[in-house]
Amino acid sequence: MAEVERFLKDMGGKIHAKIEKKGRLYFNVDNADIREIAEYLFVKMGCRLSTATAMEMYHGIEVLYHFSHDKTGQYFCPRVVIKDKKNPKVNSITSIVEGAIWIEREMFDLWGIEFIGHPRMEELLTLHHPNPDLKHPLRFKEVA
Amino acid sequence: MKANKIPVGPFHPLLEEAEYFELTVDGETVVDIDMEIGWMHRGHEYISEMKTFTQSIYLVERICGICSTSHPLACVHAIEDIDNIEIPLRARYIRSLVGELERIHSHLLWLGLAGHFIGYDTLWMWAWKYRELEMFEIISGNRNHYGMMRVGGVAKDVDPEKIVELQKHLDMIERKMIMISKIAKDDPVLRSRLKGVGVLSHEDAIAYCTTGPTSRASGVPGDVRFDEPTDAYDLLDFERIVLPNGDVYDKLVVRVLEIIESVKICRQCLDKLKTATGPILNNVKEISPGEGIGRYEAPRGEVFHYIRSDGTNRPIRHKVRAPSYVNIPSFKASCKGIPIADALITLASVDPCYCCTERSLKIIDNNHDPQKLDLLKLSREKTERIRREINAD
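So the sequence lines, in the order shown, correspond to chains V and A.
Under the numbering used here, the letters of the first sequence match residues 12 to 155, in that order.
Under the numbering used here, the letters of the second sequence match residues 75 to 467, in that order.
Don't take every hint at face value.
To be verified - In silico DSBU-like cross-links for lysine-lysine, where the CA-CA straight-line distance does not exceed 30 Å: (1) A:LYS346 - V:LYS33; (2) V:LYS94 - V:LYS25; (3) A:LYS359 - A:LYS250; (4) V:LYS55 - A:LYS406; (5) A:LYS359 - V:LYS33; (6) A:LYS242 - A:LYS338; (7) A:LYS236 - A:LYS259; (8) A:LYS236 - V:LYS32; (9) A:LYS230 - A:LYS242; (10) A:LYS269 - A:LYS348; (11) V:LYS94 - V:LYS29; (12) A:LYS256 - V:LYS94; (13) V:LYS33 - A:LYS250; (14) V:LYS33 - A:LYS256; (15) A:LYS125 - A:LYS256; (16) A:LYS269 - V:LYS97; (17) V:LYS29 - A:LYS359.
As the list claims (entries may be wrong) - Some, not all, of what chain V presents toward chain A, calculated at C-beta under 8 Å: (18) LEU19; (19) GLU31; (20) LYS33; (21) MET66; (22) ILE112.
Unchecked claim - Pair ranges (Cβ atoms, derived): (23) A:GLY215 - V:LYS29: 45 to 53 Å; (24) V:ILE30 - A:ALA229: 26 to 34 Å; (25) V:LEU19 - A:PRO413: 34 to 42 Å; (26) A:PRO262 - V:LYS82: 48 to 56 Å.
Simulated from the structure, these hints should not be mistaken for lab results.
These figures come from a predicted structure and were not determined experimentally.
Glycine residues also receive a C-beta, built at the ideal position from the N, C-alpha and C atoms.
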């Protein structure tokens, strides 16, 4: 697909561990490059941010963004892997995508990932939870 | 002038799920809005990781009573995306048929409530009268939580005698929808009441990543049924409804026209089911390790599911994003500068999951008479004012 080829040509140097399948492109990026990748996808290509998924794996915490190129139905999914599980930090993309404000707040709330540059880094879902000691409920218990 | 804060929610007849909106008003004008969610976090994503793939479909069916086809459809699309599983032709038509019936009943539900909020109770009664839950009962045996979706197809077939019965229901709906669409498009009071109210600009719709009728009423053409056609959508003839103005009136017209398109789709699906023979379910025994994205154009917009498999019979991660989650933050743009009497219908215009919870309205500034700040009353009074002005001319 022309969009995927153009993206890989322009951003190829920042992309690692690429998995390509029908209508989907998953790839790893460094935390330092995520803003540039998001800007290319959202501003230059006109993609829409569907959402982002946080996952705790044994090798680290993953933040997987899902950018939809609605004109073609293609998904671009950059993945940032954070090795430091005790103090996970990722650069926020809210300055580029306003719609990411709640998405990043939810990941902070449930997974404890701090998004650097986020305008309002506080809980989204557990803000009024009756148990004030509840912190990041979806993290593995031995780490949280 | 001193700015006052008006809380709406967390329990309010406008909101199906408990949500909290804090309107900052200066006189009669809304100058800011803040939103808080999380009153009903039920942990579906976490529970799904303890269920098998098949059980997950039933679990996500219960996320939303109105979207109880959209979530299972997006979920099976995500699982099928991992292994590129093909589904039989007959099952594709049945999936699209059930999905579109859900769109009809969801849009009618919204139309009725929108009418109620602005003082059009006749529209409310008509829209809810013609909400066709009987058709779901004919197809699945249930009026809600249909249990139709499976990985690789559907659970239940549509028999030939049911097709005849369903076509009769569709004939009735089509007649009534044409009548309601004429009311919605031609009524001078409705037009004056909703035109130019709660405008979400094209740029803001893109910036907030909104989906569904919320974005299509702002000129953003995104519709999963066209952008990534799954099921039978690439085999059917229907139109994409996009309007340019971004106000509540355009959101209403988009939904009304989409009901008519959905009737067209259902009719085509039923015709095709008369001739498309064959199985309704492919036997899928294992899901490989990998990750899959599934989405479906629910009545409110794109439902998104992401599933990651490690090769066992259950997901290790199941992410769910409902359309209201991306549509609600757009209130920041659409509510600023509107009169307080228009706040209720603007908040309702994205269809943020209604229910019949009791209304609670609390005024922080105790010097005000709460009766004067009843949002429903204010909204209905404004409609009545417009009606009198138009009748006087």
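Quiz item: Are LYS256 of chain A and LYS94 of chain V close enough, with their CA atoms no more than 30 Å apart?
Solution: violated, 59 Å
Self-check item: 30 Å Cα cutoff - pair LYS236 of chain A, LYS259 of chain A
Solution: violated, 34 Å
Quiz item: Given the hint that LYS230 of chain A pairs with LYS242 of chain A, does the C-alpha gap stay at or below 30 Å?
Solution: holds, 21 Å
Quiz prompt | Pair hint outcome, LYS242 of chain A versus LYS338 of chain A [Cα-Cα no greater than 30 Å] | solution = Satisfied, since the Cα-Cα distance of roughly 14 Å is no more than 30 Å.
Quiz prompt | Given pair status - LYS97 of chain V, LYS269 of chain A, alpha carbons within 30 Å | solution = violated, 52 Å
Exercise. Verify the proposed pairing of LYS94 of chain V with LYS25 of chain V, using a straight-line Cα cut of 30 Å.
Key: OK: LYS94 of chain V and LYS25 of chain V at ~18 Å, within 30 Å.
Exercise. Mind checking the hinted window 45 to 53 Å against the Cβ distance between GLY215 of chain A and LYS29 of chain V?
Key: Holds, at about 46 Å.
Quiz item: Once the shortest beta carbon distance from ILE112 of chain V to chain A is found, is it less than 8 Å?
Solution: holds, 7 Å
Practice problem: Using 8 Å as the Cβ threshold, decide whether GLU31 of chain V counts as touching chain A. | Solution: violated, 13 Å
Quiz prompt | LEU19 of chain V as an interface hint toward chain A, with CB separation required under 8 Å | solution = violated, 19 Å
Quiz item: Between LYS125 of chain A and LYS256 of chain A, is the straight-line Cα distance small enough, at 30 Å or below?
Solution: violated, 47 Å
Self-check item: Whether the CB-CB distance between PRO262 of chain A and LYS82 of chain V falls inside 48 to 56 Å
Solution: violated, 38 Å
Hints 3, 7, 8, 10, 12, 13, 14, 15, 16, 18, 19, 25 and 26 from the earlier list are contradicted by this structure; the remaining hints agree with it.
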